[in-house]
Amino acid sequence: MRIFHPIKDPILLTACIIASLLGSFLVLALMHKFLSMRAKGRLITALTFLAGFFYSLEFFLPAKDGKNFLTPWVEPVGDALAVIGAFAFPLGLISLAVVHLGNIRRRREGWYFSLFLFIAMLAMALSAFLNHYARLPLAKNIFTCLFSGLYIPLGVAMMSTLAFYIVSAAYRAFRVTNVEAVLMMGAAIIVMLGQIPFGMWLTSWLPMQGIVASLRIENLSNWFMTVVNMSVQRAIGFGLAIGGIAMALRVWLSLERGMQLGGK
Amino acid sequence: MVEVIVTWLAAIATLGIYSILYKENPIYRFFEHLFIGLGLGWTIFEVWKDILQPKWWTPMVVEGKWYWIFAFVIGSLYYFIFSPRFAWMARLVISTLMGLSAGLVFKVTAAIYIPQIEASFRPITFVPSIARGLNNLLSTIILLCVILYFLFTISHEKQPLAGASKLGRWFIMLGLGAMFGSTVMARLSLFIDRLTFLLHDWLKVIKF
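Protein chains in written order, with our numbering: chain A, 51 to 314; chain B, 11 to 218.
Note that these hints are calculated values from the structure, not bench results.
Any given hint could turn out to be false.
[To be verified] Footprint (simulated), chain A over chain B, 3 or more residues, beta carbon under 8 Å: (1) 46-54; (2) 62-68; (3) 99-105; (4) 127-141.
[Stated by the list, open to error] Restricting the straight-line Cα-Cα distance to at most 27 Å, the calculated cross-link-like pairs of lysine-lysine (DSS-like) are: (5) B:K117 to A:K114; (6) A:K117 to B:K65; (7) B:K75 to B:K65; (8) A:K58 to B:K117; (9) A:K117 to B:K75; (10) B:K117 to A:K117; (11) A:K190 to B:K75; (12) B:K65 to B:K117; (13) B:K75 to A:K58; (14) B:K59 to B:K75; (15) A:K190 to B:K59; (16) B:K59 to A:K58.
[Unchecked claim] Where chain B lies over chain A, by a calculated footprint (3+ residues, C-beta under 8 Å): (17) 172-180; (18) 230-236.
Glycine residues also receive a C-beta, built at the ideal position from the N, C-alpha and C atoms.
The task is simple: from the sequences and hints, build the whole structure.
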């Protein structure tokens with residue numbers, strides 16, 4: 051359609067964007083004014099149902115050379131989904147700001163941590179933008195300090211502390227009280243030993259080739275991961291997939307009560 | 011100079027996070043909030059640089075595809091969630107996107123899991139070795155037993171289903187143990203990386 055051709059003239063482009071913006075909000079205002087609550091609910095249900103058709107039809111309809119009439123739209127729709135999703139990001143920021151600004155305003159215990167959170171957020175965002183777009187040397191140095199000096203090490207250190215918590219949780223969970231606990235502990239020990247030199251040294255006296263080589267700890271560990279763990283994960287994955295399809299059907303057909311207007 | 015500052019900042023940040031291993035303290039809480047703030051700032055930049063600029067701003071403003079303004083209109087509807095009177099507009103966009111995602115679930119599930127089902131039943135004869143055949147057989151048995159364990163529409167009280175279901179539970183425990191082991195090792199690798207940084211890059215106590 052000619053109307054959807056790109057516009058090169060900047061003035062016409064600006065006019066078109068402003069007109070589309072005003073037109074869209076006018077349509078929404080009219081809908082808000084003249085549609086009853088019930089009609090709005092039906093509109094939401096209808097749009098949800100129609101939207102659900104897009105990807106499923108694109109996948110299930112017969113395709114010639116792997117493409118049907120919906121295939122060229124997959125990428126633009128995916129981009130639109132990503133863009134619309136990105137516009138929701140500030141919602142999270144607003145929610146966070148409400149909580150932490152409340153802490154600062156009411157001088158709750160530890161309010162200064164909330165202040166540091168905002169300072170860090172602004173400093174990182176500003177330095178990243180200025181470093182990327184303005185190429186300022188000072189911004190680059192500040193960005194390097196914040197990103198490589200703080201953000202990455204903090205993330206890695208934070209993730210590594212989980213090792214201590216997992217081990218302390220395991221101490222409680224792995225108490226050998228039944229067959230299941232023994233099996234779980236045995237598998238965990240074999241997998242862990244199979245990844246460290248000490249574990250490999252324990253069975254290093256076994257030959258490298260032949261059937262007996264399967265008993266070397268690194269081979270046992272690999273076998274646990276590729277045969278036992280993979281099959282178990284696959285079976286759990288199939289269960290999750292069936293649950294996912296059931297949930298998707300409920301959402302698609304607007305059977306979820308929370309999706310209805312006024313639903314809880 | 012910047013490298014020295016980066017090293018010192020990283021060392022202080024690492025020690026600050028590890029201070030939680032002693033007990034909850036203000037230094038840890040400071041670095042925790044700092045991490046969240048930096049993460050948010052970085053995400054703001056990433057959302058613009060990786061999504062909004064290449065997929066929305068550039069096509070609309072530089073390439074003249076004016077109709078991308080409708081993405082902004084649809085995206086702005088989220089914010090009506092704060093007004094009870096206009097909240098239906100937010101539901102309109104949220105429900106439509108959920109409908110699209112529901113459709114995507116069918117496609118993704120079919121694309122990912124159907125090949126996996128096919129790959130789960132591998133031959134036990136005409137394979138390069140007996141061990142391969144036995145492993146293929148064992149994989150299928152594990153898969154069926156674990157699925158049976160999660161199948162609640164049939165009774166597991168009578169044999170042979172009771173035995174198979176119990177075996178399924180044991181296999182799940184073995185799988186969870188293996189997952190636990192590899193997760194611990196991954197986390198310990200990160201811890202070793204931090205220790206190496208502190209002792210080698212910062213304090214220069216150890217040399218490679």
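Going through the hints against the structure:
1. 46-54: Per the Cβ count (9), the hint holds.
2. 62-68: It holds: at least three residues are needed, and the region 62-68 of chain B offers 3 whose Cβ sits within less than 8 Å of chain A.
3. 99-105: Answer holds; 5 residues pass the 8 Å Cβ test.
4. 127-141: holds (count 3)
5. B:K117 to A:K114: The given pair, whose Cα atoms are some 18 Å apart, holds under the 27 Å limit.
6. A:K117 to B:K65: 23 Å, holds
7. B:K75 to B:K65: 11 Å, holds
8. A:K58 to B:K117: 37 Å, violated
9. A:K117 to B:K75: With Cα atoms ~25 Å apart, A:K117 and B:K75 stay inside 27 Å; holds.
10. B:K117 to A:K117: 14 Å, holds
11. A:K190 to B:K75: Answer violated: A:K190 to B:K75 is near 33 Å, above 27 Å.
12. B:K65 to B:K117: 23 Å, holds
13. B:K75 to A:K58: Given pair B:K75, A:K58 holds - Cα atoms ~9 Å apart, limit 27 Å.
14. B:K59 to B:K75: Distance ~19 Å between B:K59 and B:K75 Cα, so the pair holds.
15. A:K190 to B:K59: 16 Å, holds
16. B:K59 to A:K58: 23 Å, holds
17. 172-180: holds (count 7)
18. 230-236: Holds: 6 residues of the region 230-236 of chain A have a Cβ under 8 Å from chain B.
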